[in-house]
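S.K.: Taking the hints into account, I'd like the entire structure generated from these sequences.
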Amino acid sequence: MNTAAVKELLYKIADDQLILGHRNSEWTGLGPLLEEDIAFSSMAQDKIGHSLTFYELLHEMGEENPDKIAFLRKSRDFKNCQLVELPNTDYAFSLIRHFLYDTAELQRMKLLANSEIDMIRERAAKVKGELVYHTMHANTWLKKLGNGTEESIEKMQVALDQLMPYALGMFEPSVYEEELVKNKIFAGEKILQDLWWNDVRKIINSTKLVLKDISDYPVVFGGRTGEHTNHLQVLLEEMSEVINIDPNAEW
Amino acid sequence: MKDSLDPRIKPLERENYLSKSSPDQLHTYEVFVQPKEGKPYEHVGIVHAADLEMAFVFAKELFSRRNSCVGMWVVKTSDVWVTEYTEGEDNIFSHFEKNVDGGEIEYEVFLLPKRGKQHRHVSRVKTKSPDAAIGLLYHKDSSLKGYNVWVCESEKFFKSNQEIKQIWDTLPDKGFRDALAYKAGDKLKNFLKK
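First to last, the protein sequences are chains A and B. Take the first sequence: its position 161, counted from the start at 1, is 161 in our numbering, and no numbers get skipped. Take the second sequence: its position 166, counted from the start at 1, is 166 in our numbering, and no numbers get skipped.
These are calculated hints, taken from the structure and not from any lab test. Errors might be hidden in some of the hints.
Capping the alpha-carbon separation at 25 Å, the derived lysine to any residue pairs in SDA-like fashion look like this [unchecked claim]:
hint : chain 1 : residue 1 : chain 2 : residue 2
1    : A       : K68       : B       : A184
2    : A       : K126      : B       : V70
3    : B       : K165      : A       : D37
4    : B       : K114      : B       : T86
5    : A       : K143      : A       : D194
6    : A       : K126      : B       : F63
7    : B       : K174      : A       : E250
8    : A       : K143      : A       : E250
9    : A       : K144      : B       : E106
10   : B       : K165      : B       : K114
11   : B       : K39       : B       : I164
12   : A       : K68       : A       : K155
13   : A       : K110      : A       : K68
14   : A       : K155      : B       : Q25
15   : A       : K126      : B       : L62
16   : A       : K212      : A       : G169
17   : B       : K174      : A       : F71
18   : B       : K174      : A       : K144
19   : B       : K76       : A       : E250
20   : B       : K189      : A       : P247
M.R.: Put into structure tokens, the structure is as follows:
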């Protein structure tokens, strides 16, 4: 087994979860209605919990402890896709991102639940259950607002058009792609993207939102190799503000 | 029967009421939770939502974030048929005529066994009307006792199925959501000792 390939896979998964978990938690207290505020915050907490699951696994493989991995790395060391680091604008933006990301994440966990590596398989199977709820939440909102008023459809369409190029960046192939596929650790980004596109189309086609041909969208790569927007650095500074006062404090 | 003091049931009367005729775009939905396999579904509360599916989505996080849960049912409040409340020795079932009439509508029946408790699912029956459902149940089991009954057509519910159930699989691991898990008191004590 190529350890570097597995570590890279785990880093990108966990970094996506941590950064999106943080972004979504920014809605806490500001949600459009109380029930939704609680649900969205709770899912943000789930995401941070998911990242912990995979950072722990990395720690077992010799990496730093999860707190240090999460809070004390520089932005160029993060392997998350750019989709998850973009700052929130309106709620339609966050819902569309939640939908595009979680649809992929559920499929990714389903694939990893068949991984040759026991530790990955077990953790993916566990995370998968919570993602069934996350995607149910996303799909329900998509169908509601995507079939709602002129205003809601317009806002969702704008967010969808804006985020699709970044969403396709989730599937940026790794240099270890062949290695992972050959060793049955992970089925690969290409297969994942196909499964995702199928699910995305199914939901979007049940709304009044419009999807282009997948090849008609530009694709924003870079995140997986540490190339990020400036928004990530700002997020990391805020997220690590407390730990940076005293990195060795007990809390 | 006393008038309810609950403002949701009997709003305060005001002159020149300023709100629109429908003060809320959302409806209320009743939420029932199955705490463990084999246990009956119990009423846990109400959620506001735009439709039944969204009510389930909200109810999941509102009512099963901390406590154990293996299943959830949600139904629109206005789809629940309710009896009057009885007091003391007055058994609500004695207000209904026992019957054996069949029918094709499937109903879920919930009973309030004691004042101060929650309504609990007692049976699913096929008959022709809500009061026939209560009469039929009483006919089958005359030991039934309680203070209030809710009856609702089965098909009006959103019910979690086997596929959905896995959303609660990790609930037992979420002890950190309990305030006790922070052990703030212990941490403070240790800190002060230092």
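S.K.: Hint by hint, where does the structure go against what was stated? Just the numbers, ascending.
M.R.: 8, 9, 10, 12, 13, 18, 19
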